[in-house]
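S.K.: In case you want the letters, here they are:
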Amino acid sequence: MNTTWRIKNGRIIDPANHIDQIADLLVIDGRIAGPEQSLPPEVPEIDAAGLWVVPGLTDMHVHLREPGEEYKEDILSGARAAAAGGFTGVACMPNTKPVNDCATVTAMIMARAAEAAVRVYPVGAISLGSEGKQLAEFGEMRAAGAVAVTDDGRPVRDSQLMRRALEYASDFGLPVISHSEEASLSTGVMNEGPVSTRLGLKGIPTAAEAIMVYREIALAEFTGARVHIAHVSTAMAIDLLRAAKARGVRVTAETAPHYFTLTDEAVLGYDTNTKMNPPLRSAVDREAIKTALLDGTLDAIATDHAPHSILEKEVEFDTAANGIIGLETALPLTLALVRDQVIDAARLVELLAVKPAAILGLPAGTLSSGAAADITLIDPEREFVYTADQVVSKSRNTPFLGWTLRGRAVLTLVGGAIRHNLLA
Amino acid sequence: MATGTTFAHRHILGMEQLSREDIAHILATADSFKEISNRSIKKVPTLRGHTIINLFFEPSTRTRLSFEVAAKRMSADTFNISPSTSSTTKGETLADTARNISAMHPDIIIIRHSCSGAPLLLSRYVEAAVINAGDGAHEHPSQGLLDLMTVKERRSTLSGLKIALIGDIAHSRVAHSDIVGFTRMGSEVFVFGPSTLIPKGIDQLGATVCSSLEEAVRDADVVMTLRIQRERQNDPLLPSLREYSRHFGISRQVLSLAKPDALVMHPGPVNRGVELPPEVADGPQSVILEQVTNGVAVRMALLYLVMGNS
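Chains X and A supply the protein sequences, listed in that same order. Using our numbering, you'd call the opening residue of the first sequence number -5 and step up by one each time. Using our numbering, you'd call the opening residue of the second sequence number 112 and step up by one each time.
The set of hints was computed from the structure by calculation and includes no laboratory data. Worth double-checking, as some hints may not be accurate.
From the structure, some residues in chain X lie toward chain A, with a derived Cβ separation under 7 Å [said to hold, decoys possible]: (1) Pro188; (2) Thr191; (3) Leu193; (4) Leu195; (5) Tyr264; (6) Glu306; (7) Val309; (8) Glu310; (9) Phe311; (10) Ala315.
Simulated DEER-style distance windows between Cβ atoms [said to hold, decoys possible]: (11) X/Leu395 to A/His120: 52 to 58 Å; (12) X/Glu125 to A/Leu400: 52 to 58 Å; (13) A/Thr172 to X/Leu262: 44 to 50 Å.
Idealized CB from N, CA, C, for every residue including glycine.
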């Protein structure tokens, strides 16, 4: 497969190197070439006029369902969906069956990942079986390829365990990712407010997230260890994060596109593709998230790509599984923020590429010479209707089906190799 | 018998979908059916040859009986099924159940389910008309309609009245349907109860949240109490029913703050001595049994109207 290219006349946006200019980008043998390097005489060209040329996007929060629930997604299908969405790397959560709580499972995922369209970075469990009792072997999982630890989906209830996880993970340089939710308050199925009252559905208060975010901040502050907050959904949590960052606590945070795109009003009609955890919140929360994406309180956008089949979704709202797929819609939904002048193009690249890679300590997120040629070409104006037949993921659980989206990845290169191509 | 042909609803999923005109039409139809229940031969042939299935996923005595009586007085053939929750968790989904029932070509399916939104889900899989007989904490439209009918009979209007709803507003589908129904017909609804039982944003349904029992009941035309449960799924809502009855129950003294001829209502079953002391529940202002009587008439009207539209 060819891995040498001249990408011509694109708008190169590389915030890590403070570059935003129209220029050519050279790729030689799968690596980004510096200006001093001479190209072979016959180099295939990619016409990038009118396109953005950005470092490959990293989704730091996906569920690939393998091992155990391959009917929903597997590592290869999830990676194809990632490439189609412009992602060149994904970090997969450990809530598989079995849970990725030991080096054996991590190694199995790494072995499958070797054949995947994009780079796959396993995230190990904090506790054995994510049962919140006994620490998993962080060192062994790190050696096998894990880039972080989390008990995503089953928040750590025991504060002592969380404290020890933060301390011990720091010995291995592993970030701890917290799904922040106070379990005793989180027995509902959607955001608690006027809409849940109207629908007669049990609510989850915003306080459930805020309480746990504060616990993680307090533990990080006390231990000096770092913590990353997954899928922030509330204004209350944003306020806590902003204050913690101001006093130097080592905390980072992500949100997901659905939290800055939709509100709990989307649940009217009981569409189970609007059910996720944390739930869609109010307009006030949505505005706070947009502000935090701009001012840096939120560091990253991750999809929380959570494939489910109709078996889990074509049921009563109360019994439906949480989660939606997101790999193929994240970029267009974030581009909408740029068009609405909430953030600029460079900030988009930071949120989707630079920061996720930095938080996970990955050698990605830049177009520096010598770096692996993980590159995404974006047509910011290309419009498409997202329909079920064009979903690349194995599952179709998304509230965005039928939406007209604007802007998408038109070419995805991983190590210089083409993994997704909509250029004619 | 009502002659209106403007009823445009295939399903009765909630009061929220019914306009003021729809409600008036249903109540007029119910009124015309009411005398059938007073005849010596309590049966009309209106729905002869129609199949009605009572699909009750949640235990119910009154509502199911009321629908069944209504259907039989209209000469429909009725069948009751009560799938246990356990069998549905063993693999048959609501969609599967719905498709199977639909394959037998019923005309109307009456569904009660513990999950809000289940009747809407059912309606997507069946040819039959679907009537919601109570879904989770969402809606109980036939109960709301029979409450409206009962008040209208006694007050001859549904506009300009003060309706006090007291008790568990948060978990009550009846409260939801009543708030929507009474406000839509031009009355004002005031709610009061312990804060643990007042849901967020209930004012956006049109209710006024009161800060005391006295404020809610003073000069009310109707005092409707809702059934109390002390605890739900490990959610500690109240310390004791004894304390509830002292602070939130409708004693004769509290009732005296309402209009002298105020109606006392309850969707049943009453926790005697908790929401209402016996002397109030059985007192001269109580119309609790009229509610039950009107329930049959309202349900006859609903069956008739959804069939007239198919």
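S.K.: Now, for every hint given, state plainly whether the structure supports it.
M.R.: Going through the hints against the structure:
no.: 1; hint: Pro188; in the structure: holds, 3 Å
no.: 2; hint: Thr191; in the structure: holds, 4 Å
no.: 3; hint: Leu193; in the structure: holds, 6 Å
no.: 4; hint: Leu195; in the structure: holds, 5 Å
no.: 5; hint: Tyr264; in the structure: holds, 4 Å
no.: 6; hint: Glu306; in the structure: violated, 10 Å
no.: 7; hint: Val309; in the structure: holds, 5 Å
no.: 8; hint: Glu310; in the structure: holds, 4 Å
no.: 9; hint: Phe311; in the structure: holds, 5 Å
no.: 10; hint: Ala315; in the structure: violated, 13 Å
no.: 11; hint: X/Leu395 to A/His120: 52 to 58 Å; in the structure: violated, 28 Å
no.: 12; hint: X/Glu125 to A/Leu400: 52 to 58 Å; in the structure: holds, 54 Å
no.: 13; hint: A/Thr172 to X/Leu262: 44 to 50 Å; in the structure: violated, 32 Å
Going down the numbered hints, you'll see the structure goes against 6, 10, 11 and 13, while the others check out.
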